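Build out the structure end to end from the sequences listed, making use of the hints.
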Amino acid sequence: MTLYRIAPYLQAAPLTLILAAFLVLPIATIVMVSFWDYDSIQIFPDFVFTNYEETITSPVTWRTYLNTLKYTVIVWAVTLLVGFWVAYYLAFHIRSATMQMVLFLVCTIPFLTSNIIRMISWIPFLGRNGLLNQSLMTMGLIDQPLEFLLFSDFAVVLAMVHLYTLFMVTPIFNTLMRIDRALIEAARDAGANAFQILTNVILPLAKPGIAIGSIFVVTLVMGDFITVRFMSGGQSASVGLMMANQIALLQYPAAAANAVILLVLVLLLVAAILRIVNIRKEL
Amino acid sequence: MSKGADIELIEVTKRYGAALAVESVSLKIPAGTYCCLLGPSGCGKTTTLRMMAGHESITEGDIRLGPTVVTDLPPAKRGTAMMFQSYALFPHLDTVDNVAFSLKMKGVDKASRRAKAMEMLKLVQMDHLAERRPAQLSGGQQQRVALARALITDPQVLLLDEPLSALDPFLKIKVRQELKKLQLQLGISFIHVTHSQEEAMALSDLVVVMNGGRIEQAGTPREVFNRPATAFVARFMGDHNVIAGRVTAIGGDEVTFEVPGGASFRAPAAPGLEPGAPVEIAVRTDRVTLGAGAMLGCGLTGLVQNIEYHGQKVQVALAAPGVAEFAVQVPETAFFAAPLSVGDAVPLAWTPQDVHILKASPAA
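From first to last, the protein sequence lines stand for chains U and P. Just so we're aligned: 178 in the UniProt record's numbering is position 178 of the first sequence, and the numbers increase by one with no gaps anywhere. Just so we're aligned: 35 in the UniProt record's numbering is position 35 of the second sequence, and the numbers increase by one with no gaps anywhere.
It is worth saying that the hints were derived from the structure and are not from the lab. Everything numeric in this text was worked out from a predicted model, so none of it was measured. Any given hint could turn out to be false.
Sample of chain U residues facing chain P (criterion: CB under 8 angstroms; computed from the structure) [unchecked claim]:
1) 180
2) 182
3) 183
4) 185
5) 186
6) 188
7) 189
8) 190
9) 191
10) 192
11) 196
12) 202
13) 204
14) 205
The list that follows gives simulated cross-link-like pairs (lysine-lysine, DSS-like), each with its CA atoms no further than 27 angstroms apart [said to hold, decoys possible]:
15) P:106 <-> P:77
16) P:106 <-> U:207
17) U:207 <-> P:110
18) P:104 <-> U:207
19) P:174 <-> P:77
20) P:122 <-> P:104
21) P:77 <-> P:122
22) P:172 <-> P:359
23) P:104 <-> P:174
From the three backbone atoms N, C-alpha and C, an ideal C-beta is built for every residue, glycine too.
Below, the structure written as structure tokens:
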């Protein structure tokens, strides 16, 4: 029966087509364009390395990449701390399954609105004459508005943490829920105190969730440009923002080369995370 | 190894909100006893064990281990160790580190805690698999590792929550022999929760039959099997026929009672039995004989409902008016000398010595 032989291929075909059309093809195009040449008004098919050379040798690129990595590390650390805390509370301190589900859904409610709206809503709160500064001044805690609150690295990190913490909470909550409660009792039976249980049992078993959450946060922050643009008020740059600017100037090949470099860097980061933690058993 | 200690429960009660899980249980288990807590699911046996272990708070009453009241002590400070039903081995640690876990918590350095753990693994013959993770071990091997992990704390009492329930029948018998041997070797008390009366009888020095959060009977296996205190114990231990009725007449050292169907039976007199009082008796199924010639009030006629061949014995289930269930165990040769078939009416007989009076259940 020929149908028997082609059936597995037919079953795999839809996903293959989708991935080919929406993942492989665009990436292949970007890689191709990154070798093209351009001037101020058009791009030409070619095979030159100037885009990569210019990107790699420019100090601006290095500064921008370092700045992006700085955001990534800070946002990763903060979302990990907050995300683990929230997930731990949901998984171990909320007893009833219904309440757990309700509180988890509460965590997701901010995601019912768009990223941009959530981001912009920080502006009237943090601004020079914003809610926070006015409240603090009325209470007499400060004399002058705090300038670092908005259009600063602080604002960028704050908005990113706000946007991305849930990506940490969800996978960690998932792994914590799978931890057999008898293990906690066994640890207590063996004389472990609460902190020892956390470090010797819960954290090692939560590693896959932490790794998955870290991959989400790292890739999202590395590729972000809109948060950096809005919240830094144009005072900070990220790789994404740099690419957006290059595209605005019609320097598509330069942007494509940048994109390829960023892609390689992000893949290396993900590979490093996967080296440290084996997440296979989670998937 | 430490010397064992007596463990005593004094009017221990556990409530979950309004629900009563364990109701004023008092029990004394002498040092070096193999004790089985036996009962159906939800009878409170696991809750009782978990209260001894310190994993469940005690609503009322006290638990004493040796001279110490341990009611409010954390699990690790009680001198008990618990082996969990699913073994609860840490999946991220290998066998040695699992066993050495409690020493690590105490801050023992790595070399000496691993050496001690290897010793414990030798005791349970698992030292050759020291580097394996729990997922790479069979059920029986995991059970041994869990045992070693519990014993490394040098407990005075080992608490085992259905330790054999995850094993296949043949392994069960092998492992329970090893458990008994280990208990004798260590000389400490093992308290073992089970719902299998066979397991309890095979292992224990002391069987505690529980039902509805109360102790129905505590005694040696022989006592519990031969002289079940209540109808529940008789039914749960199996191989007993329970006949319930109301007293109609008292004569000398005997009473006569009637079951709802109208048949009359004899039972030895006991305090509290007066005309009209409810009475229950138990007769072992292997003491009932097939055939006529019963003494008055020590026999009935039943319709054969089912015949099961058990090898040495043949179990015949019968129906008789006023008696809910009645079974007879007939030796194989005797049965096949005069085989029965379903639907036959058979006269059955027993002797007055085989009649055992049951008390009312405390849970009722």
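Checked hints:
The interface hint given for residue 180 of chain U is met, as the beta carbon of that residue sits about 6 angstroms from the closest beta carbon of chain P, less than 8 angstroms. Interface hint at residue 182 of chain U: satisfied, since its Cβ lies 4 angstroms from the closest Cβ of chain P, which is below the 8 angstroms cut-off. For residue 183 of chain U, the interface hint holds, the least distance from its beta-carbon to any beta-carbon of chain P being 5 angstroms, beneath 8 angstroms. Nearest Cβ of chain P to the Cβ of residue 185 of chain U: about 5 angstroms, under the 8 angstroms cut. The hint holds.
Against a cut-off of 8 angstroms between C-beta atoms, the interface hint on residue 186 of chain U holds, since the closest Cβ of chain P lies about 4 angstroms away. The restraint placing residue 188 of chain U at the interface with chain P holds, with a minimum CB-CB distance near 5 angstroms, inside the 8 angstroms limit. With its C-beta approaching chain P no nearer than about 5 angstroms, residue 189 of chain U sits inside the 8 angstroms limit, and its interface hint holds. Interface hint at residue 190 of chain U: satisfied, since its Cβ lies 4 angstroms from the closest Cβ of chain P, which is below the 8 angstroms cut-off.
Satisfaction of the interface hint for residue 191 of chain U is found here, the shortest Cβ-Cβ separation to chain P being roughly 3 angstroms, below the 8 angstroms cut-off. Nearest Cβ of chain P to the Cβ of residue 192 of chain U: about 5 angstroms, under the 8 angstroms cut. The hint holds. For residue 196 of chain U, the interface hint holds, the least distance from its beta-carbon to any beta-carbon of chain P being 5 angstroms, beneath 8 angstroms. The beta carbon of residue 202 of chain U is not positioned within 8 angstroms of any beta carbon in chain P (closest approach about 11 angstroms), and the interface hint is therefore violated.
With a cut of 8 angstroms, the hint placing residue 204 of chain U at the interface with chain P holds, because the nearest CB-to-CB distance is about 4 angstroms. For residue 205 of chain U, the interface hint holds, since its Cβ comes within 8 angstroms of a Cβ in chain P; the closest pair sits about 6 angstroms apart. At most 27 angstroms may separate the alpha-carbon atoms for a hinted pair to count; residue 106 of chain P and residue 77 of chain P meet this at roughly 12 angstroms. Taking the CA atoms of residue 106 of chain P and residue 207 of chain U, the gap is near 24 angstroms; set against the 27 angstroms cutoff, the hint holds.
Restraint check: the Cα-Cα separation between residue 207 of chain U and residue 110 of chain P comes to about 23 angstroms, which is no more than 27 angstroms; the hinted pair holds. Only pairs whose Cα atoms come within 27 angstroms are accepted, and residue 104 of chain P paired with residue 207 of chain U is accepted, the gap being roughly 21 angstroms. Restraint check for residue 174 of chain P and residue 77 of chain P: not satisfied, since their Cα atoms lie roughly 32 angstroms apart, outside the 27 angstroms limit. With a C-alpha separation of about 19 angstroms, the suggested pair residue 122 of chain P and residue 104 of chain P falls inside the 27 angstroms cut-off, and the hint holds.
A hinted pair counts as satisfied when its Cα atoms are at most 27 angstroms apart, and residue 77 of chain P with residue 122 of chain P qualifies at roughly 26 angstroms. Between residue 172 of chain P and residue 359 of chain P the CA atoms are separated by roughly 34 angstroms; this puts the pair beyond 27 angstroms, and the hint is violated. Among the hinted pairs, residue 104 of chain P with residue 174 of chain P is inconsistent with the structure: their alpha-carbon atoms are about 32 angstroms apart, more than 27 angstroms.
The structure is inconsistent with the numbered hints 12, 19, 22, 23, although it conforms to all the rest.
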